[in-house]
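Asks: Sequence:
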Amino acid sequence: MSPVDPAKYSAFLAAMALMAISPGPANLFFIRTGLSGRKRNVFTGVIGVNTATLVWFVAAALGLQALMIALPLLFKAMTIAGGLYLIWLGVSTVRHALKIDNERIDLQFIAPATPGTLTRTLREGFMVQMLNPKVLLFFSVVLPPFLDIARPMPAQMSVFAATAIGMDVISMTTYGLLAVTLSHLLQQPRHRRTFDIAAGSVLVLIAVMILGHAAKDLF
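In our numbering, the protein residues as written are 522 to 740.
No lab work stands behind these hints, which were simulated from the structure alone. Hints are supplied without guarantee of correctness; some may be wrong.
Straight line, CA to CA, 25 Å or less: simulated DSS-like cross-link-like pairs of lysine-lysine [what the hints assert, rightly or not]:
no. : residue 1 : residue 2
1   : Lys597    : Lys529
2   : Lys597    : Lys655
3   : Lys655    : Lys529
4   : Lys737    : Lys529
Predicted, not measured: the structure shown is a model, and the values here were computed from it.
Take the sequences, apply the hints, and build the full model.
Replies: Structural data, given as structure tokens:
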């Protein structure tokens with residue numbers, strides 16, 4: 522017997538493809554990372570983000586969904602934490618944009634090739650995905666309908682994890698490398714400032730919507 526239901530798996534592929542390419546905190550993170558002009562920063566970010574995704578799948582396999590149903594306030598707390606982190610990330614991006622002067626941006630200065638920079642990218646990628654509200658939505662709402670209780674759960678989760686991570690790797694790498702390609706254009710202070718303000722504002726807007734829904738459910 523196949524580890525997953527073929528019909529459900531086909532539907533999961535379609536849903537996952539849409540989620541992988543849709544705008545969100547992770548893809549915005551890769552665009553921002555790619556603008557450093559360094560491909561290895563993008564690949565390091567991919568490792569960080571998908572390590573977090575793997576942690577989420579392991580947690581889900583260990584009964585995260587049941588825990589969230591039993592302790593709904595835990596789910597709300599994680600959602601609020603994710604929203605607050607996105608606000609911090611968005612505000613930091615806008616503040617950086619406002620500090621850009623009118624001289625041509627030196628990408629070597631912005632993203633020096635040091636181990637600390639790669640470590641920071643790895644850490645930020647991990648945190649973005651661990652606190653990503655889209656991930657909370659995925660594991661609490663999107664994934665459960667595709668699971669078949671008549672089939673072994675570890676095998677199903679392994680297949681779905683490999684599929685989700687594979688699609689995310691392709692999508693995130695594409696976003697990041699496209700940003701690397703455009704990074705020289707965005708050395709122009711005006712273009713870089715405009716992009717950073719727009720990206721930061723989108724992150725804050727997403728966060729405000731998330732926090733608004735969380736507050737409405739609490740009260």
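Asks: When you check the alpha-carbon spacing of Lys737 and Lys529, does it fall within 25 Å?
Replies: violated (33 Å)
Asks: Against the 25 Å threshold, does the CA-CA distance of Lys655 and Lys529 hold or violate the hint?
Replies: With Cα atoms ~21 Å apart, Lys655 and Lys529 stay inside 25 Å; holds.
Asks: Take the C-alpha atoms of Lys597 and Lys655, compute the straight-line distance between them, and say whether it is at most 25 Å.
Replies: holds (13 Å)
Asks: Are the Cα positions of Lys597 and Lys529 separated by 25 Å at most?
Replies: Cα-Cα ~29 Å, so violated.
Checked against the numbered hints listed earlier, the structure breaks hints 1 and 4; every other hint is satisfied.
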